[in-house]
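Okay, here's what each chain looks like letter by letter:
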Amino acid sequence: MNNKAKEILLKKRYRAEKRFRFFGISSIILALSFLCILLVNIFTNGLSAFSRTEILLKVNFNEKKIGININSTDKEIKQANFDEILQEALLNLAPNVPELKQAELIDLVSIDATIELKKFYLKNKDVLNKTSEVALTLSDDIDQVHKGNFPRDIPEDRRRFSDFQLKIYDEQIAQKKIISEFNWPFLFNADSREPEIAGVGASLMGSFFTLIVCLLLSFPLGILAAIYLEEFAPKNKITEIIEVNVNNLAAVPSIVFGLLGLGVFLNYFYLPRSTPLVGGLVLALMTLPRIIIPCRAALKAVPPSIREGALALGASKVQTVMHNVVPLAMPGTLSGTIIGLSQALGETAPLLLIGMVAFINVVPSTPFDPSAVLPVQVYLWSESAERGFVEKTSATIIILIFFLAFMNSFAIYLRNKFEKRWS
Amino acid sequence: MNIVLLSLIVIFSLSCYFFGKSKILKQTKISKKKFHSLPEYYGYYLAAWCGLPALIILFFWSLSELYIVKILILSDFRTDPAIDNNKLNLIFSQIKAIAENKFTGNIPQNLIPYAERFLSLNKILELSKLAIIFSAIIFSLSFAYSQILKNIKARESVEKVIRVVMFLCAAIAVFTTLGIVLSLLFESIKFFTAVSIFDFITGTNWAPGRAFVRDASVQTTDVENVFGAVPLFWGTFFIAMIAMCVAVPIGLFSGIYMAEYASSKIRKIAKPLIEVLAGIPTVVYGFFAALTVGPFFRTIGEGVGLNVSSESALAAGMVMGVMIIPYVSSLTDDVINAVPRSLREGSYAMGATKSETIKKVILPAALPGVVGAVLLAISRAVGETMIVVMAAGLGANLTINPLEASTTITTQIVTILIGDQSFNNPKTQAAFALGITLFFFTLVINVIALNIVKKFREKYE
Chain A
4 MNNKAKEILL KKRYRAEKRF RFFGISSIIL ALSFLCILLV NIFTNGLSAF
54 SRTEILLKVN FNEKKIGINI NSTDKEIKQA NFDEILQEAL LNLAPNVPEL
104 KQAELIDLVS IDATIELKKF YLKNKDVLNK TSEVALTLSD DIDQVHKGNF
154 PRDIPEDRRR FSDFQLKIYD EQIAQKKIIS EFNWPFLFNA DSREPEIAGV
204 GASLMGSFFT LIVCLLLSFP LGILAAIYLE EFAPKNKITE IIEVNVNNLA
254 AVPSIVFGLL GLGVFLNYFY LPRSTPLVGG LVLALMTLPR IIIPCRAALK
304 AVPPSIREGA LALGASKVQT VMHNVVPLAM PGTLSGTIIG LSQALGETAP
354 LLLIGMVAFI NVVPSTPFDP SAVLPVQVYL WSESAERGFV EKTSATIIIL
404 IFFLAFMNSF AIYLRNKFEK RWS
Chain B
17 MNIVLLSLIV IFSLSCYFFG KSKILKQTKI SKKKFHSLPE YYGYYLAAWC
67 GLPALIILFF WSLSELYIVK ILILSDFRTD PAIDNNKLNL IFSQIKAIAE
117 NKFTGNIPQN LIPYAERFLS LNKILELSKL AIIFSAIIFS LSFAYSQILK
167 NIKARESVEK VIRVVMFLCA AIAVFTTLGI VLSLLFESIK FFTAVSIFDF
217 ITGTNWAPGR AFVRDASVQT TDVENVFGAV PLFWGTFFIA MIAMCVAVPI
267 GLFSGIYMAE YASSKIRKIA KPLIEVLAGI PTVVYGFFAA LTVGPFFRTI
317 GEGVGLNVSS ESALAAGMVM GVMIIPYVSS LTDDVINAVP RSLREGSYAM
367 GATKSETIKK VILPAALPGV VGAVLLAISR AVGETMIVVM AAGLGANLTI
417 NPLEASTTIT TQIVTILIGD QSFNNPKTQA AFALGITLFF FTLVINVIAL
467 NIVKKFREKY E
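Here the protein sequences come in this chain order: A and B.
Note that the numbering used here has the first sequence beginning at 4, numbered continuously upward.
Note that the numbering used here has the second sequence beginning at 17, numbered continuously upward.
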């Protein structure tokens, strides 16, 4: 082989080297750009859901039309009918329109507007028989137009709002009667069929209860199991079976745990359907092996000298483990538990099977009430046809990701701050 | 009721702990008697004797309570040969609903006396539960109290209890597996008595919705023919393959780059960032696939004149592949790091470039580990649910066109079992049959993968 051939070969080899390196870099960049696209997509879709659009409407609180008087009790007011004054106020936006168009005027505001009117009156009782400006939630179609999520230039028969409604909307904009506010109801309301008043309050509570049940079960059980397997278990067949089981359960598809919950907890023990109690139980079984494995690793990382020191001072085996080893392993076990719980928080499939997909429009107050959880809410809303639910779904995902990020960074903080390095 | 009882027992045990501890402390002060263990162990001893028997009774009582009521109430109906087990269950749930005021519709008059009996029985059982638990607490406490005054070896007993409790906690993993297998088997066996297992595995027509049509015009053979699971097996396999086509090259290359090329600074940033992909809930991927990726592929398809359905195997598979990247990359990274330095250095000493070393030395050495990683990723892809439920479609097509909708085992389990369902019909049981197929399939892959990885690690450690 002459020099020239060698040089060519060398060049070829270096080129191959460069190519290989390029593949490596580009696959990392590709993976990270997927992450970016995903997050950017969700955030751009979802941020607008945190504001809501209201119209300032002049309403005349005529006592005869409402059917109350100045001495009415709160209970009577709650039963009174505010529809008529609301309709009157809406019709005043465009007087003398034909009857057909009147319905379109009334559809401008949310179905919940009368309730908002009632709440406003309960707070400001002195407006009786006077005209006052009240901020009322607009219907989700107008809300979407206002946020620019829905193009207004497509033909009238292909959108859910009419030219007439648009005209009124533009007039009100010109008069500065349309305002945007932070969407507090989104964080506190329960689910609803109407996008503009649907909120994640119920599923936040549901997720909270579910996680609490899951934590209360999986943390003590998991840590005790890990201590047993790492410190006490004799080397025999039973221990081996348990270890194989733990490792396999960590890789069983989550939906199988849902089948277990349906077949055993609901069908056999008659536990209440759709409740955080059952959800927490199922997730606890799922999380248990995912807690045991990091807990064992944390216990294993404690050097034997600690144990030997304690034993040499006359402590019993249990005392050694409980007083010396476990406290040292605590940061690792806690961060493992938090990461396990954050996986449970994002889990959807098993909860679908135990009925946590039911439409629940009240905020649950105990773990025994039917409820939804955040990821299931995402699933439910993503199946809805209304345009308004797209931003709600993304916003729910933002909240979910926020919680997950918080939990995971807390776990990392715990590990970095408190974990001792032994070597 | 049980919650109140539970908290009562806990409070009782806590006070027993403090009582026992202070009692022994006092005793040592007064009589200068030396006790075998530290005072708190006597406290633990009392607390354990107070709480554990009560908790065990409460647990088993609550489990069997409903069954005792059921047997007692249904004894009248059991004599009627026309009523089979399914009807008995139905009658019982009706009685229960009437008793709890949850019955909707017209209440059958003949069941009202049974509902009253249900309530009275429940009351009797509750009261006797209270009585038994409290007498158990008093009995065992008095025994334990006499024991600690005798200066028994409290620490040893307490430690024994702790060990047993810890063993039981560890054994829960076994019970969970047993519970999964038994509950799945139980329903699947019922399913396979109605539908032959051969039809299930080889049939190509999946339309469980039609199993409900059981009027005279439909022949019974139709019921059996709608449970052919081949399209589901194919869809699952197909989508998993698409996912692996994305995840394996990207994951493998990023794992290699991370382990061999990247400076520790880049590694420190890029590795956790890639792992974020695995931490994002699958429902988010599903939403992304259904709302963005699916329509994106359809617009591209329209652009080049292809007919792409908005729910396609391609969209679901690609997004699933992205989700799986970190599983492949992290394990590859670990596995490559486990290959001893000497192999690398030997190769460099021979004049090989870095990529040649990786391709010819490190990867062959790490191959078992990499295969294990890929197998684990496949099992993940097969068991993944939300992405396919939201983005792959429901129609059971037997197709090799990735642009068409296709369905998977997990999707069908969810669609069958979502919402209210009655047990005891082949459609519901079919979901459990699918579940057990999925469980065993992933189990086999996992066992193989975990063994490969374990063997690999042992080789170099």
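Some clues are possibly wrong.
Unchecked claim - Straight-line C-alpha distance at most 27 Å; calculated DSSO-like pairs for lysine-lysine:
#	chain 1	residue 1	chain 2	residue 2
1	A	LYS7	B	LYS370
2	B	LYS375	A	LYS15
3	A	LYS423	B	LYS284
4	A	LYS68	A	LYS126
5	B	LYS169	B	LYS145
To be verified - Coverage of chain A stretches by chain B, computed from C-beta distances (three or more under 8 Å per stretch; other residues unrestricted):
#	stretch
6	111-121
7	159-165
8	230-239
9	278-286
10	398-405
What the hints assert, rightly or not - Just a few of them, taken from the derived set where beta-carbon distance is under 8 Å, the chain B residues facing chain A:
#	residue
11	PHE35
12	LYS39
13	GLN125
14	ILE128
15	ALA131
16	ILE188
17	VAL190
18	THR193
19	MET257
20	THR298
21	VAL338
22	LEU392
23	THR401
Hint data in this document are derived by calculation from the structure and do not stem from the laboratory.
Cβ atoms here follow ideal geometry from the backbone N, Cα and C, with glycine treated the same way.
Here is what the structure says about each hint:
For the suggested pair LYS7(A) and LYS370(B), the alpha carbons sit about 23 Å apart, so the restraint of at most 27 Å is met. The suggested pairing of LYS375(B) with LYS15(A) holds, with an alpha-carbon distance near 16 Å, which does not exceed 27 Å. At most 27 Å may separate the alpha-carbon atoms for a hinted pair to count; LYS423(A) and LYS284(B) meet this at roughly 20 Å. For the proposed pair LYS68(A) and LYS126(A), the alpha carbon gap of about 19 Å is at most 27 Å, so the pair holds.
Note on LYS169(B) and LYS145(B): the hinted pairing is violated, with a Cα-Cα distance of about 32 Å set against a maximum of 27 Å. Residues of the stretch 111-121 of chain A with a Cβ under 8 Å from some Cβ of chain B number 0, which does not satisfy the need for three, so the listed coverage is violated. Here's how the stretch 159-165 of chain A fares: 0 of its residues keep a CB closer than 8 Å to some CB of chain B, so the rule of at least three is not met and the hint is violated. Under the rule that three or more residues need a Cβ within less than 8 Å of chain B, the assignment of the stretch 230-239 of chain A holds, with 5 such residues.
Check result for the stretch 278-286 of chain A against chain B: violated, 0 residues qualifying (beta carbon to beta carbon below 8 Å, three or more required). Note: the stretch 398-405 of chain A has 3 residues with beta-carbon separation from chain B under 8 Å; the three-residue rule is met and the coverage holds. Because the beta carbon of PHE35(B) sits about 22 Å from the nearest beta carbon in chain A, more than 8 Å, this interface hint is broken. Because the beta carbon of LYS39(B) sits about 22 Å from the nearest beta carbon in chain A, more than 8 Å, this interface hint is broken.
Interface hint status for GLN125(B): violated, as the beta-carbon distance to the closest one in chain A is roughly 25 Å, over 8 Å. Hint status for ILE128(B): violated, given a least beta-carbon distance of 21 Å to chain A, over 8 Å. Given hint, ALA131(B) at the interface with chain A, is violated; its Cβ is 16 Å from that chain's nearest Cβ, farther than 8 Å. At about 6 Å, the closest approach between the beta carbon of ILE188(B) and any beta carbon in chain A falls short of 8 Å, and the interface hint on this residue holds.
Look at VAL190(B): its Cβ gets to within about 5 Å of chain A, closer than 8 Å, so that hint holds up. The closest approach between the C-beta of THR193(B) and any C-beta of chain A is roughly 5 Å, which is under the 8 Å cut-off, so the hint is satisfied. Taking 8 Å as the C-beta contact cut-off toward chain A, the hint placing MET257(B) at the interface is violated, the least distance being around 17 Å. Because the closest C-beta pair between THR298(B) and chain A is about 7 Å apart, less than 8 Å, the hint holds.
With 8 Å as the threshold, the beta carbon of VAL338(B) comes within range of chain A, its nearest partner Cβ sitting at about 5 Å, so the hint holds. Here the hint on LEU392(B) is kept, as its CB sits about 7 Å from the closest CB of chain A, short of 8 Å. Hint status for THR401(B): holds, given a least beta-carbon distance of 4 Å to chain A, under 8 Å.
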